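Engineer: Heads up: the sequence lines are chains H and B, in that order. Just so we're aligned: 105 in the UniProt record's numbering is position 105 of the first sequence, and the numbers increase by one with no gaps anywhere. Just so we're aligned: 89 in the UniProt record's numbering is position 89 of the second sequence, and the numbers increase by one with no gaps anywhere.
Read the hints as simulated data drawn from the structure, not as lab findings. For clarity, every value in this text was computed on a predicted model and none was experimentally measured. Worth double-checking, as some hints may not be accurate.
[Said to hold, decoys possible] Cross-link-like lysine to aspartate or glutamate pairs, in silico, EDC-like; alpha carbons within 16 Å at most:
{"no.": "1", "chain 1": "H", "residue 1": "Lys241", "chain 2": "B", "residue 2": "Glu212"}
{"no.": "2", "chain 1": "H", "residue 1": "Lys241", "chain 2": "H", "residue 2": "Glu199"}
{"no.": "3", "chain 1": "H", "residue 1": "Lys217", "chain 2": "B", "residue 2": "Glu76"}
{"no.": "4", "chain 1": "B", "residue 1": "Lys242", "chain 2": "B", "residue 2": "Glu199"}
{"no.": "5", "chain 1": "B", "residue 1": "Lys241", "chain 2": "H", "residue 2": "Glu212"}
{"no.": "6", "chain 1": "H", "residue 1": "Lys155", "chain 2": "H", "residue 2": "Asp125"}
{"no.": "7", "chain 1": "B", "residue 1": "Lys217", "chain 2": "H", "residue 2": "Glu76"}
{"no.": "8", "chain 1": "B", "residue 1": "Lys55", "chain 2": "B", "residue 2": "Glu12"}
[What the hints assert, rightly or not] A partial selection of chain B residues facing chain H, derived with a Cβ cut-off under 8 Å:
{"no.": "9", "residue": "Leu13"}
{"no.": "10", "residue": "Thr17"}
{"no.": "11", "residue": "Val18"}
{"no.": "12", "residue": "Ile25"}
{"no.": "13", "residue": "Gly26"}
{"no.": "14", "residue": "Arg27"}
{"no.": "15", "residue": "Lys28"}
{"no.": "16", "residue": "Glu76"}
{"no.": "17", "residue": "Phe78"}
{"no.": "18", "residue": "Leu90"}
{"no.": "19", "residue": "Met219"}
{"no.": "20", "residue": "Thr222"}
{"no.": "21", "residue": "Val227"}
{"no.": "22", "residue": "Val229"}
{"no.": "23", "residue": "Val237"}
{"no.": "24", "residue": "Asn240"}
Even for Gly, the Cβ is constructed at its ideal location relative to N, Cα and C.
Number of protein chains: 2
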Amino acid sequence: MSDNAKRIPVMELFGPTVQGEGMVIGRKTMFVRTAGCDYRCSWCDSAFTWDGSGKDDIRMLTAEEIMKELLALGGETFDHVTISGGNPALLPGLGELIEALQERGIRSALETQGSRWQDWFWDIDDLTLSPKPPSSGMATDWEVLDDIVGKLQSKSSSFCMKTVVFDELDLEYAAFVHLRYPSVPFYVQAGNANLQETEPARMLPYLVERYEWLIEKVMHSTELRSVHVLPQLHTWVWGNKKGV
Amino acid sequence: MSDNAKRIPVMELFGPTVQGEGMVIGRKTMFVRTAGCDYRCSWCDSAFTWDGSGKDDIRMLTAEEIMKELLALGGETFDHVTISGGNPALLPGLGELIEALQERGIRSALETQGSRWQDWFWDIDDLTLSPKPPSSGMATDWEVLDDIVGKLQSKSSSFCMKTVVFDELDLEYAAFVHLRYPSVPFYVQAGNANLQETEPARMLPYLVERYEWLIEKVMHSTELRSVHVLPQLHTWVWGNKKGV
C-alpha cells in the first residue's frame, strides 16, 4: 500500500464518552469518525461525513498519528475505541490502526452497513453490521451481506446486526434481516427524524415516544423474539450535539 | 426437597417487555419477580417484595405453574425470561424453573447482590452480581462474594457485575469492586432516589441529570476504564410504574 493509501480521512476524534447505541451501549470509549460513505441515507445523522459540508474538517492521518491524538485526549482513562463514519469499511488502511490498538490492549468497536468487506473485520472486538431499512432510500445488496456474515461466522467472530426503524415498512425489513440471520444477535433501534432540533430538553419527549412506539410493536411480534430494542441513548442526553 | 420447598414465592409475573438495566439492557424478555430478601437497601425500588406491603400478592407456585403462566401471557412472542427479586438467590427451588426454561430453548437472566450461592447460578445465561454500595446501608461480605465469583470463573460462566451509584462514596466503592474483579465485565448504573414520583415526564429531567453526573465522573476516572455506564432505561420510559 502506498503511504497515501495508508492515511485515514479523520473527521472527528473525541472522548472519552459513552457509546450510545447497540451491542456496546453505555461502554466508556473514545471515538474516531472517518469521512466518506458509499450510502446517502435520507436521515443520516452524520451527513457531514459525506455531503461536502464538513470537508474542511477532514485530516489525512496515519494510524500512529491517530493513536497519539487518542492518548493525548484520553490519557489513562480509556481502553476502548469506537470507529464510526461515514462507512469506515471503505478504508483498507484502518487495519493498521486496529493492530496498533490491539498492541496496546485497547479494544475496538466498529459499525458499518455491510456493503463492503475488509479482512480487518475479523480483528474488531465489537463489530456491528447495520443494514439500512427502506426509509433510508438505500437498497441492501443481500449477496454482499450474506458473504460478509458468512466470512465472520467462519471464524466465529463476535458481531451483531442492528437495524434502525422509523416506520412499519422498516419494521418488516428488520424482521426479514432477523429471520435471514437468526443466529446473529439482533438489535432494533428507534430512529431519530428530528435532526434539526438543538435543544435536548425539547427532543426528549419525541425520542421517548418513538422508543415506546417501537417497544410496543416489537413486544407483539412473534418474528422479532430474540432481539434487543434500544434508543440512541446519547441523543436522550445530548440531543443532536456533535463531539460528545 | 419437600414439595413445599420446591414452590417459589412469586410476587409479579409480566411481559414481554424490555430489560431496562445492565448487561442485557434492551433485551425483549418476560419477568418473574420473587418475594423475599436478605437485604434492606435504603433506596430499594422493589421494597414491596420484602417490607410486608405486598404480602397479599405473593403466590407459592411450582416451576411448572410459572412456565404455564409465562406461556399464557407471552405466547410465541418471547425466548428470554428474567428472574428478579427481592433476592432470588434465597430460593433453591428456582433450579427447577431454570431447567424447564432450558428445555424449551428459553434463555434466562437473573440478578442478585451476591450474598448467597446456588448451584443453579452456573445455568443462568445472563447472570448479574450487584453488590450494594454504602448508600444502601448494607455491608458487603467480600469473602462470600469472592467465593461466588471464583465458583463462576471456575466454569467460565458468562456473568457480569453491576453497582448502582448515588454519590461519591458509592463511586469509590464501585472502583473498589472493579479493581477487585478486573476481568469481570463491569456496569455502573445511575441511582434513582426519586421513588415517589409517579409522573414519568416529571422524572425525566432528574434521571437525565443523574446519568450525566455519573458519566462525567466516570469519564475522568483512570480506575473505571473498562466499564459501561448506564441509566435504568425503563424508568426513563415508564417512571416508577410497576409491571412494565
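Engineer: With reference to the structure, classify each hint as holding or not holding.
Structural biologist: Verification of the hints:
1. H:Lys241 <-> B:Glu212: Cα-Cα ~14 Å, so holds.
2. H:Lys241 <-> H:Glu199: Distance of about 9 Å is within 16 Å: holds.
3. H:Lys217 <-> B:Glu76: Measuring from Cα to Cα gives roughly 14 Å; hence the hint holds.
4. B:Lys242 <-> B:Glu199: holds, 13 Å
5. B:Lys241 <-> H:Glu212: With a Cα-Cα distance of about 14 Å, the restraint between B:Lys241 and H:Glu212 holds, given a limit of 16 Å.
6. H:Lys155 <-> H:Asp125: Given pair H:Lys155, H:Asp125 holds - Cα atoms ~13 Å apart, limit 16 Å.
7. B:Lys217 <-> H:Glu76: Judged against 16 Å, a Cα distance of about 14 Å means the pair holds.
8. B:Lys55 <-> B:Glu12: holds, 11 Å
9. Leu13: This interface hint is violated because 15 Å lies over the 8 Å limit.
10. Thr17: With Cβ-Cβ at 7 Å, under 8 Å, it holds.
11. Val18: Nearest chain H Cβ about 5 Å off; hint holds.
12. Ile25: holds, 6 Å
13. Gly26: holds, 4 Å
14. Arg27: Nearest chain H Cβ about 5 Å off; hint holds.
15. Lys28: Holds. Min distance 5 Å.
16. Glu76: This interface hint holds because 4 Å falls under the 8 Å limit.
17. Phe78: holds, 6 Å
18. Leu90: violated, 29 Å
19. Met219: Holds. Min distance 5 Å.
20. Thr222: holds, 4 Å
21. Val227: At 5 Å from the nearest chain H Cβ, B:Val227 passes the 8 Å test, so the hint holds.
22. Val229: Holds - the Cβ of B:Val229 comes within 8 Å of chain H, reaching about 5 Å at its closest.
23. Val237: holds, 6 Å
24. Asn240: violated, 15 Å
The structure shown violates the earlier hints numbered 9, 18 and 24.
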